[in-house]
Amino acid sequence: MNPEETQAFEEKIYAFIGRENGPPKKGHDAVNEPMIRHWAEIMGDESPVYTDSEAAINSSKGGIIAPPSMLQTWSMEGYSMAGDFVQDVQRGLHNVFDEHGYTGVLGTNTTTEFFRDLKPGDEVTAHTVIDSISEQKATARGIGYFIETVTTFTDQDGEDVGRQVFRVLKFVPADGDASASSESTDDESPAAPTRIASPRGHDNGWWWNAIDEGKMLIQRCKNCQTLRHPPRPMCGECQSIEWDSIESSMEGEVFSFTTLHYPKIPGYDYPLCCAVISLNEGTRIVSNIVGIDHEDVTIGMKVKGNIEQVDEKTMLPQFYPAQAGE
Amino acid sequence: MTTLHFESINVGDKLPAKEVPITSSLIVGGAVASRDFTTVHHDKKAAQKAGLPDIFMNILTSNGLMSSYITNWAGPDSTTKKIDLKLGAPNLPGFVMTITGEVKAKNEDHGTLEIEVTGENNVWGMHMQGTVQVQLPKGAQS
Chain A
1 MNPEETQAFE
11 EKIYAFIGRE
21 NGPPKKGHDA
31 VNEPMIRHWA
41 EIMGDESPVY
51 TDSEAAINSS
61 KGGIIAPPSM
71 LQTWSMEGYS
81 MAGDFVQDVQ
91 RGLHNVFDEH
101 GYTGVLGTNT
111 TTEFFRDLKP
121 GDEVTAHTVI
131 DSISEQKATA
141 RGIGYFIETV
151 TTFTDQDGED
161 VGRQVFRVLK
171 FVPADGDASA
181 SSESTDDESP
191 AAPTRIASPR
201 GHDNGWWWNA
211 IDEGKMLIQR
221 CKNCQTLRHP
231 PRPMCGECQS
241 IEWDSIESSM
251 EGEVFSFTTL
261 HYPKIPGYDY
271 PLCCAVISLN
281 EGTRIVSNIV
291 GIDHEDVTIG
301 MKVKGNIEQV
311 DEKTMLPQFY
321 PAQAGE
Chain B
1 MTTLHFESIN
11 VGDKLPAKEV
21 PITSSLIVGG
31 AVASRDFTTV
41 HHDKKAAQKA
51 GLPDIFMNIL
61 TSNGLMSSYI
71 TNWAGPDSTT
81 KKIDLKLGAP
91 NLPGFVMTIT
101 GEVKAKNEDH
111 GTLEIEVTGE
121 NNVWGMHMQG
131 TVQVQLPKGA
141 QS
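Those protein sequence lines, which keep their order, are chains A and B. First residue of the first sequence? That's 1 in this note's numbering, and the numbers climb one at a time after it. First residue of the second sequence? That's 1 in this note's numbering, and the numbers climb one at a time after it.
These are computed hints drawn from the structure, not numbers from a lab. Backbone N, C-alpha and C fix where the C-beta goes; we use that ideal spot for every residue, glycine too. Careful, some of the hints might be misleading.
Just some of the chain B residues that point at chain A, by a computed CB distance under 7 Å [said to hold, decoys possible]:
| hint | residue |
| --- | --- |
| 1 | GLY29 |
| 2 | THR39 |
| 3 | SER67 |
| 4 | ASP77 |
| 5 | LEU87 |
Chain A with its partners taken away, still in its complex shape (with noise of 0.2 Å):
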């Protein structure tokens, strides 16, 4: 989109901010023991008040009461909601994100709070307002925007018994549809999270192909033999762009290290302890110490490495305490 469509498509959405979505919904049913069996199985909630009247009537509830966290179900539009969107305002709004490519949708914050134990026999009636629209927003789902209703709900005698603020987010799926990336026939669940891949160019590709062979190697200058890590292409010291390599010993000292624990991006161990080691043939690299406990490692010590295979597509350079005497 252009600015001006931009412009054009917010003005449409913003519209909608304070409208209410339609009428009220009363729920198709009265709060009901089966609904609330049905629920207490699936959540595994033991609580004896929600399906044993014995022990319901006996208890300080005075009689079978719903779990709280169903107030929003019993004015659930139910099975139409798999066919064509009942259209209130929210499915309006909605239509004009997924016309204008944000087809994507994502709860991100519920806030409920309730007022009453509903029982048996009491009637859920939905009252919801669009309360508002945020700017478009970079998310990392994608490009979005998120929505917030507020929706009260009220009893048979018009008495408010629990409240609910819902956001979503609308957003532009991040790689389009995803569907096409994944082949029909994969019924498995995704796969487990692997590091992120190490970019390899034209100038770095040799240096990470060989530590996928096993080898750790160090870029040295032909013309002064001066050894560089990062890989690039030109000398520092006599920049000469003719270079070769030498295998490292992968044997060295802790130089600096710092220990991460949050946020916990998948497919690393936490704590994650990443340290700058000099090696012995003077340059210096970025890895892991593993093998100790992160509170354990110190600056200067001596540290010797390995290549492994650290997940299923990632081979990596890893660091152990030295043995003593070695």
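Using the hints, position chain B against chain A.
Below, chain B without anything else, positioned relative to chain A:
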């Protein structure tokens, strides 16, 4: 199943961790129990069209798992007052979600606890994180 007393709980108390294997059955069952027939929670192709590799857990089920984690700990005479939930990475079939909780605050006047609850799955990380406010009976009732 007995109910905990407000007086017996201290800020900093940790709830026992619970592992929840995420299966297609749990995702579909939870969606149907909450009458949420949105296609992405039972139809893999629809989920893929929405940008995910498989069906994923609906929010009502996340809410339900979070609140049942609390009521199973607190007991039948507890009352859940509020669930504030932030959703992170989706829960997909094959994942395992570990739910943990810690008592963060006590309100003496209302007899309520603020419990921070986190559900982290083993593949994509944080699925849900939030605070549950739960009221416990005071005194020698059991």
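Now for the hints, and whether the structure bears them out:
A least Cβ separation of about 4 Å between GLY29 (chain B) and chain A falls short of the 7 Å threshold, and the interface hint therefore holds. Interface restraint check for THR39 (chain B): the shortest CB-CB distance to chain A comes to about 5 Å, inside 7 Å, so the restraint holds. The restraint placing SER67 (chain B) at the interface with chain A holds, with a minimum CB-CB distance near 4 Å, inside the 7 Å limit. Satisfaction of the interface hint for ASP77 (chain B) is found here, the shortest Cβ-Cβ separation to chain A being roughly 4 Å, below the 7 Å cut-off.
Here the hint on LEU87 (chain B) is kept, as its CB sits about 5 Å from the closest CB of chain A, short of 7 Å.
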